[in-house]
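A.B. asks: Once you've looked at the hints, dock chain B against the given chain A.
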Amino acid sequence: MNVAIVDYGSGNLHSAAKAFERAAREAGIAVDVAVTSDPEAVRRAARIVLPGVGAFADCRRGLDAVPGMAEALEEAVRQKATPFLGICVGMQLMASRGLEYETTPGLGWIAGDVTLIEPADPALKIPHMGWNTLEVLSDHPLFAGIRTGPSGLHAYFVHSYALAAAHPTEVVAVTDYGGPVTAVVARDNMAGTQFHPEKSQRLGLALIANFLRWRP
Amino acid sequence: MLKVRLIPCLDVKDGRVVKGVRFVDLRDAGDPVECAMAYDAAGADELCFLDITASHENRGILLDVVRRTAEACFMPLTVGGGVRTVDDIRNLLLAGADKVSINTAAVKDRAFVKQAAEKFGDQCIVVAIDAKRVSGPGEADGEGASWEIFTHGGRNATGLDAIDYAREVVELGAGELLVTSMDRDGTKAGYDLALMRAIADAVPVPVIASGGVGTLDHLVAGVREGHASAVLAASIFHFGQHTIGEAKAFMAAAGLPMRMDV
Numbered sequence: 001m002n003v004a005i006v007d008y009g010s011g012n013l014h015s016a017a018k019a020f021e022r023a024a025r026e027a028g029i030a031v032d033v034a035v036t037s038d039p040e041a042v043r044r045a046a047r048i049v050l051p052g053v054g055a056f057a058d059c060r061r062g063l064d065a066v067p068g069m070a071e072a073l074e075e076a077v078r079q080k081a082t083p084f085l086g087i088c089v090g091m092q093l094m095a096s097r098g099l100e101y102e103t104t105p106g107l108g109w110i111a112g113d114v115t116l117i118e119p120a121d122p123a124l125k126i127p128h129m130g131w132n133t134l135e136v137l138s139d140h141p142l143f144a145g146i147r148t149g150p151s152g153l154h155a156y157f158v159h160s161y162a163l164a165a166a167h168p169t170e171v172v173a174v175t176d177y178g179g180p181v182t183a184v185v186a187r188d189n190m191a192g193t194q195f196h197p198e199k200s201q202r203l204g205l206a207l208i209a210n211f212l213r214w215r216p
Numbered sequence: 001m002l003k004v005r006l007i008p009c010l011d012v013k014d015g016r017v018v019k020g021v022r023f024v025d026l027r028d029a030g031d032p033v034e035c036a037m038a039y040d041a042a043g044a045d046e047l048c049f050l051d052i053t054a055s056h057e058n059r060g061i062l063l064d065v066v067r068r069t070a071e072a073c074f075m076p077l078t079v080g081g082g083v084r085t086v087d088d089i090r091n092l093l094l095a096g097a098d099k100v101s102i103n104t105a106a107v108k109d110r111a112f113v114k115q116a117a118e119k120f121g122d123q124c125i126v127v128a129i130d131a132k133r134v135s136g137p138g139e140a141d142g143e144g145a146s147w148e149i150f151t152h153g154g155r156n157a158t159g160l161d162a163i164d165y166a167r168e169v170v171e172l173g174a175g176e177l178l179v180t181s182m183d184r185d186g187t188k189a190g191y192d193l194a195l196m197r198a199i200a201d202a203v204p205v206p207v208i209a210s211g212g213v214g215t216l217d218h219l220v221a222g223v224r225e226g227h228a229s230a231v232l233a234a235s236i237f238h239f240g241q242h243t244i245g246e247a248k249a250f251m252a253a254a255g256l257p258m259r260m261d262v
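Protein chains in written order, with UniProt numbering: chain A, 1 to 216; chain B, 1 to 262.
The shape of chain A in the complex, shown without the other chains:
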């Protein structure tokens, strides 16, 4: 199975690639993981991963700076229905718009805006940084076999902005940080995690394996 991790100059993708290789190996799935900025590799891939760290607008500019990449993603994900996973800002880019520093159009796959987290308790620190549990709102193959809920496994979050989805059904898991914060969005063949599965130890490796097994 070809896995394309889209390289558009946003952070280190080497450790993400290693996490995918490890998760696949533990799950007995044969994969060929490529960190790539080649739109053709994205078109050919059986799984597409869009990571992202930093500010929304910077990431969008970075993505647009790779010739043909936005088009290749649109074609592979929307037309060919290749299973897609967005991670952190890669997940936020699935939204209609990002409102960090400036208003920036997203890919428009999940209707909604990416807005500043405003916890009900003003003593809570921003960024929301560290390990938090997930509350699954609607079951999804990505969560298969993963213990969630207040006593479940933890995911690693680092973010100040979150995706406020226009259609609540597309938010399949939230985390609690002075109120519910979108943790996982999903629709059709696409999913996105606000947390970093590649940094989330057991939960992360299990979720990555589920993504590789996923047949939407």
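The hints are simulated quantities; they were obtained by calculation from the structure and are not laboratory data.
Treat the hints with caution; some may be incorrect.
[Unchecked claim] A partial selection of chain B residues facing chain A, derived with a Cβ cut-off under 7 Å: (1) Leu2; (2) Lys3; (3) Phe74; (4) Pro76; (5) Gly96; (6) Gly121; (7) Gln123; (8) Leu172; (9) Gly175; (10) Arg197; (11) Pro204; (12) Val205; (13) Pro206; (14) Ser229; (15) Arg259; (16) Asp261.
Virtual Cβ for every residue (Gly too), placed ideally from N, Cα, C.
C.D. replies: Below, chain B alone, put in the same frame as chain A:
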């Protein structure tokens, strides 16, 4: 619910782990990649590498350590020590660090913090603050106390007030502060709780308490009384005094929210 983070810190010199008592008396405690893997398996919430001789020696060794660690450990990694330029940060992030901590370079040139945060995002810029108490009463009561920023392992005074400096670097884009009491570092007498609390209460970003942990009670106090979001320690773990698991169980039993996945 967000959990309190427990962060073992590995001081690295020439690609080997050491722990300085007051940054002078160094002991060799092993291979950083193996230590990192052991801490990963034990349930550490993050790892911190501090390259203590980065200013003098080949940084390539550290980059290789970071690279090998990131390939083996799927958990967050902060790296600091001798970070002076945007290229230093980029190289560490590309090697696999998730966050980079800036110390002296931020003291010398505050614009560097802004430049770094704008380039790589607030979330990966940690400013390390080394502070010494310059006035004020004792431990329990922070009223009237003040602290000064020091650089070069506590040798060089800067004249900067620690609380003002903390506010300033956060305004400039630091996403997290790593606060070390230079009075306490290596003493095992516990964090300077008044310092931690004064900074944690002054800034909107998370504070990691550092410097002086000798018992598990000190870790609890760092959060409860120091208002830190995360607690960092080195020698109590490196030399087997306590395991990560013991520390987390102790903190959980004391009522702190801890991640007990392992």
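A.B. asks: Any of the earlier hints contradicted here, and which numbers?
C.D. replies: 8, 10
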